[in-house]
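A.B. asks: Spelled out, the chains give:
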Amino acid sequence: MKGFTLWFTGLSGSGKSTLSQALEPVLLERGVKIEILDGDEVRTNLSKGLGFSKEDRDTNVRRIGFVANLLSRNNVVAITAAISPYAEIRDEIRARTANFVEVYTECSIDELTRRDPKGLYKKALAGEILNFTGVSDPYEAPENPEIVVNTETETLEESLDKIIRSLELMGLIPAGEDNHTSAEEEVVIRQRLQSLGYL
Amino acid sequence: MAERQRVCVVGLDGVPIGLLERLADAGVMPNIAARIAAGHLRPMRASLPEISAVSWTSFMTGVQPGEHGIFGFTDVNPGTYQLEFPNFSQVEAPTLWDRLGKRGLHSVVLNQPATYPARTIPGVLVSGFVAVDLSRSVKPLKWLGTLRRQDYRIDIDTGRARSDHDWLFQDLHYTLESRGAALGRLWDEEDWDFMQVVVTGTDRLYHYLWDAVENPDHPRHAQALDYHRAVDRFVGQIWDRFAADAAEPEKHFWMLSDHGFCAIKQEVQLNALLREQGYLGLEGGGTDLTAIDPSSRAFALDPGRIQIHLRGRYARGAVAAAEVANLKVELADAFRSLRYHGEPVIRDVHDAADLYHGQCAERGPDLVLLAHPGFDLKASPTATEIFSRTDLVGMHTWDDAFLLAPYPIEDEQLWIGDIAGHLEREFEN
Chain W
1 MKGFTLWFTG LSGSGKSTLS QALEPVLLER GVKIEILDGD EVRTNLSKGL GFSKEDRDTN
61 VRRIGFVANL LSRNNVVAIT AAISPYAEIR DEIRARTANF VEVYTECSID ELTRRDPKGL
121 YKKALAGEIL NFTGVSDPYE APENPEIVVN TETETLEESL DKIIRSLELM GLIPAGEDNH
181 TSAEEEVVIR QRLQSLGYL
Chain G
200 MAERQRVCVV GLDGVPIGLL ERLADAGVMP NIAARIAAGH LRPMRASLPE ISAVSWTSFM
260 TGVQPGEHGI FGFTDVNPGT YQLEFPNFSQ VEAPTLWDRL GKRGLHSVVL NQPATYPART
320 IPGVLVSGFV AVDLSRSVKP LKWLGTLRRQ DYRIDIDTGR ARSDHDWLFQ DLHYTLESRG
380 AALGRLWDEE DWDFMQVVVT GTDRLYHYLW DAVENPDHPR HAQALDYHRA VDRFVGQIWD
440 RFAADAAEPE KHFWMLSDHG FCAIKQEVQL NALLREQGYL GLEGGGTDLT AIDPSSRAFA
500 LDPGRIQIHL RGRYARGAVA AAEVANLKVE LADAFRSLRY HGEPVIRDVH DAADLYHGQC
560 AERGPDLVLL AHPGFDLKAS PTATEIFSRT DLVGMHTWDD AFLLAPYPIE DEQLWIGDIA
620 GHLEREFEN
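These protein sequence lines map, in sequence, to chains W and G. Residue numbering for the first sequence follows our numbering, starting at 1 and increasing by one per position. Residue numbering for the second sequence follows our numbering, starting at 200 and increasing by one per position.
Everything labelled a hint here was simulated from the structure, so no lab data went into it. Glycine included, each C-beta is placed from N, C-alpha and C at the ideal position. Please note: incorrect hints may appear among the correct ones.
Said to hold, decoys possible - Taking lysine-lysine pairs in the DSS-like style, the calculated list, with each CA pair at most 30 Å apart, reads:
{"#": "1", "chain 1": "W", "residue 1": "33", "chain 2": "G", "residue 2": "464"}
{"#": "2", "chain 1": "G", "residue 1": "464", "chain 2": "G", "residue 2": "527"}
{"#": "3", "chain 1": "G", "residue 1": "301", "chain 2": "W", "residue 2": "2"}
{"#": "4", "chain 1": "W", "residue 1": "33", "chain 2": "W", "residue 2": "162"}
{"#": "5", "chain 1": "W", "residue 1": "54", "chain 2": "W", "residue 2": "123"}
{"#": "6", "chain 1": "W", "residue 1": "123", "chain 2": "W", "residue 2": "162"}
{"#": "7", "chain 1": "W", "residue 1": "118", "chain 2": "G", "residue 2": "341"}
{"#": "8", "chain 1": "G", "residue 1": "341", "chain 2": "W", "residue 2": "2"}
{"#": "9", "chain 1": "G", "residue 1": "341", "chain 2": "W", "residue 2": "162"}
{"#": "10", "chain 1": "W", "residue 1": "48", "chain 2": "W", "residue 2": "122"}
{"#": "11", "chain 1": "G", "residue 1": "301", "chain 2": "W", "residue 2": "162"}
{"#": "12", "chain 1": "G", "residue 1": "341", "chain 2": "W", "residue 2": "33"}
{"#": "13", "chain 1": "G", "residue 1": "341", "chain 2": "G", "residue 2": "301"}
{"#": "14", "chain 1": "W", "residue 1": "33", "chain 2": "W", "residue 2": "48"}
{"#": "15", "chain 1": "W", "residue 1": "33", "chain 2": "W", "residue 2": "2"}
{"#": "16", "chain 1": "W", "residue 1": "54", "chain 2": "W", "residue 2": "122"}
{"#": "17", "chain 1": "W", "residue 1": "118", "chain 2": "W", "residue 2": "48"}
{"#": "18", "chain 1": "G", "residue 1": "450", "chain 2": "G", "residue 2": "301"}
Claimed, not checked - Some chain W residues judged to face chain G by a derived CB distance under 8 Å, without partners named:
{"#": "19", "residue": "132"}
{"#": "20", "residue": "148"}
{"#": "21", "residue": "150"}
{"#": "22", "residue": "154"}
{"#": "23", "residue": "161"}
{"#": "24", "residue": "165"}
{"#": "25", "residue": "181"}
{"#": "26", "residue": "189"}
{"#": "27", "residue": "195"}
{"#": "28", "residue": "199"}
All chains should be built: construct the whole structure from the sequences, respecting the hints.
C.D. replies: So, in structure tokens, the structure goes:
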């Protein structure tokens, strides 16, 4: 099975990490080798010491892209979950990465402010955090991502299904269906067939 | 006028051509009458055996059971003899929707029997009978929330409806309405090329109240006609949408049933016959085939499938391969000789070797019986009487399903598996 890079991009809190983690067991079940490069984790290891200036952000994203490319060209699926706000850098990584799949986790600032589990948007809007993407720093939404999930209007399950189905249709993962009929279901099926005169 | 080429198929489960024509002519189904006037109505053969699981699978794949692998609602595990319930994952042929998808065409398929659990198709699939859990009946899952919020019903509560006919009608109408609501959303929100919906309430009504449909003096006749009026409105609404949204709609609108129906005269327990004639035995008062006596030479599965108890195929199989040909002849004679008050019961005994071909044929039955209309073949392993009646009044028939096509199809032996090819060719121009 060929590797690929599943590149999540979207504002902080829009669901990149949540979706990455939810994807992991589904893809593992289909025999896919995976590494998740989560933005927050990368910043404590690979990009330790970098700040949030445009230059540092670009460096951080390029490093993630570099590792993702190494992984995917060795038939590992690299899932990246970093804000990666600048289109130019994402496109640069796309150009040098085989099987680059961009997933845009769309969500409005209003909704993100409402969710705001760490209170970051509140602080950013109050001017207490500088260079906060989407508030005081730009976020350039992708123009032609392979996949768009709207985490404001879709459930996690719906977004997840959309991503999986897209990957199946692109032929990047095998179709994996839960096609087992459980014992409980068989009881119901048996009753239904009997009620129509079978068995 | 819309320019998008689209194809729409409406299935009416179990509706025989004769009934459809009568109700259309009588003004009970005016929308369908209009479609009949504009199209080409003709009889069509179901699969053998003539049940929905097999017939609809032939429809959706365009191949016969020897190739798609579904021979009934049930199979017997050759090692344990326990009943198994083949599901959609065991269909070994690509579906029409898969093939259309390879050409970039997007299908929406609502309430297709024999597609549970749903799997990803190029489009949307909502499984029909015997679907149990809605969350496993919908692909992609993005539609699950909408269907749940609409209180979408896969099927009526057949367990209750069989004995409570007030409930039957209430549930039939509610289910049809929920189907219409779901169809409306799918129709409007999916960018589709091929749309298909199946009404299964007709089959349910006929199993329980075929006499009410047929007999004007039956106390529930008016209710039975009312349900057909509702089905007709459902079809009329689909046609109105299609006429607005598709190029040359009259050239791309299809309707069909998967088998016909008639009244039951007698239920015929084939395993009782096999036991009576010494072909089948159960050990120690067993209640199912797990207790099959190793000396048994044949057993029946619903509705008219005869399995030779072959050594090497079944764990306790007693019949050597060399004996099969003679045993088939012997069994065929026994079935052909069966009479009910002098009336022959079995219309045809098919050797499965003549009927089925393909990679799955060996998994199928050895003989397939087709009964004369009125004799409903059953396969309870424990039944002691060959002839009996239950509260069921309607049974499936083989060669009076209907096809309403946009052009005439001149084939006397047209069967439901032929239709997929016609539908695919719709997109070739």
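A.B. asks: Does each hint hold? Answer for all of them.
C.D. replies: Hint check:
Restraint check: the Cα-Cα separation between residue 33 of chain W and residue 464 of chain G comes to about 61 Å, which exceeds 30 Å; the hinted pair is violated. Proposed proximity of residue 464 of chain G and residue 527 of chain G is supported: the alpha carbons are some 27 Å apart, at most 30 Å. A C-alpha spacing of about 21 Å is found between residue 301 of chain G and residue 2 of chain W, which places the hinted pair at or below 30 Å, so the restraint holds. A hinted pair counts as satisfied when its Cα atoms are at most 30 Å apart, and residue 33 of chain W with residue 162 of chain W qualifies at roughly 20 Å.
Restraint check: the Cα-Cα separation between residue 54 of chain W and residue 123 of chain W comes to about 20 Å, which is no more than 30 Å; the hinted pair holds. Straight-line distance between C-alpha atoms of residue 123 of chain W and residue 162 of chain W comes to about 33 Å, which puts the hinted pair past the 30 Å bound. For the hint pairing residue 118 of chain W with residue 341 of chain G, the CA-to-CA distance comes to about 29 Å; that is within 30 Å, so the pair holds. For the hint pairing residue 341 of chain G with residue 2 of chain W, the CA-to-CA distance comes to about 27 Å; that is within 30 Å, so the pair holds.
A distance of roughly 7 Å separates the Cα atoms of residue 341 of chain G and residue 162 of chain W; the hinted pair therefore holds under the 30 Å criterion. Simply put, residue 48 of chain W and residue 122 of chain W have alpha-carbon atoms about 26 Å apart, close enough for the 30 Å limit, and the pair holds. For the given pair, residue 301 of chain G sits about 19 Å from residue 162 of chain W by alpha-carbon distance, which is consistent with the 30 Å threshold. Taking the CA atoms of residue 341 of chain G and residue 33 of chain W, the gap is near 26 Å; set against the 30 Å cutoff, the hint holds.
With a C-alpha separation of about 22 Å, the suggested pair residue 341 of chain G and residue 301 of chain G falls inside the 30 Å cut-off, and the hint holds. For a cut-off of 30 Å, the pair hint linking residue 33 of chain W to residue 48 of chain W stands: about 26 Å separates their Cα positions. Using a Cα cut-off of 30 Å, the hinted pair residue 33 of chain W and residue 2 of chain W holds, with the two alpha carbons roughly 10 Å apart. As the CA atoms of residue 54 of chain W and residue 122 of chain W are separated by approximately 22 Å, the hinted pair is consistent with the 30 Å bound.
Taken as a hint, the residue 118 of chain W and residue 48 of chain W pair is honoured in the structure, with Cα atoms around 21 Å apart against an allowance of 30 Å. Of the pairs offered as hints, the one joining residue 450 of chain G and residue 301 of chain G holds, with about 23 Å between alpha carbons and a cut-off of 30 Å not exceeded. Interface restraint check for residue 132 of chain W: the shortest CB-CB distance to chain G comes to about 31 Å, outside 8 Å, so the restraint is violated. With its C-beta approaching chain G no nearer than about 12 Å, residue 148 of chain W sits outside the 8 Å limit, and its interface hint is violated.
For the restraint placing residue 150 of chain W at the interface with chain G, the shortest Cβ-Cβ distance is roughly 11 Å, beyond the 8 Å limit, so the hint is violated. Evaluation of the residue 154 of chain W hint against chain G yields a held restraint, the C-beta minimum of about 7 Å falling below 8 Å. Satisfaction of the interface hint for residue 161 of chain W is found here, the shortest Cβ-Cβ separation to chain G being roughly 4 Å, below the 8 Å cut-off. The interface hint given for residue 165 of chain W is met, as the beta carbon of that residue sits about 5 Å from the closest beta carbon of chain G, less than 8 Å.
Nearest Cβ of chain G to the Cβ of residue 181 of chain W: about 5 Å, under the 8 Å cut. The hint holds. This hint holds: residue 189 of chain W has a C-beta 5 Å from the nearest C-beta of chain G, less than the 8 Å allowed. With 8 Å as the threshold, the beta carbon of residue 195 of chain W comes within range of chain G, its nearest partner Cβ sitting at about 4 Å, so the hint holds. The closest approach between the C-beta of residue 199 of chain W and any C-beta of chain G is roughly 7 Å, which is under the 8 Å cut-off, so the hint is satisfied.
Going down the numbered hints, you'll see the structure goes against 1, 6, 19, 20, 21, while the others check out.
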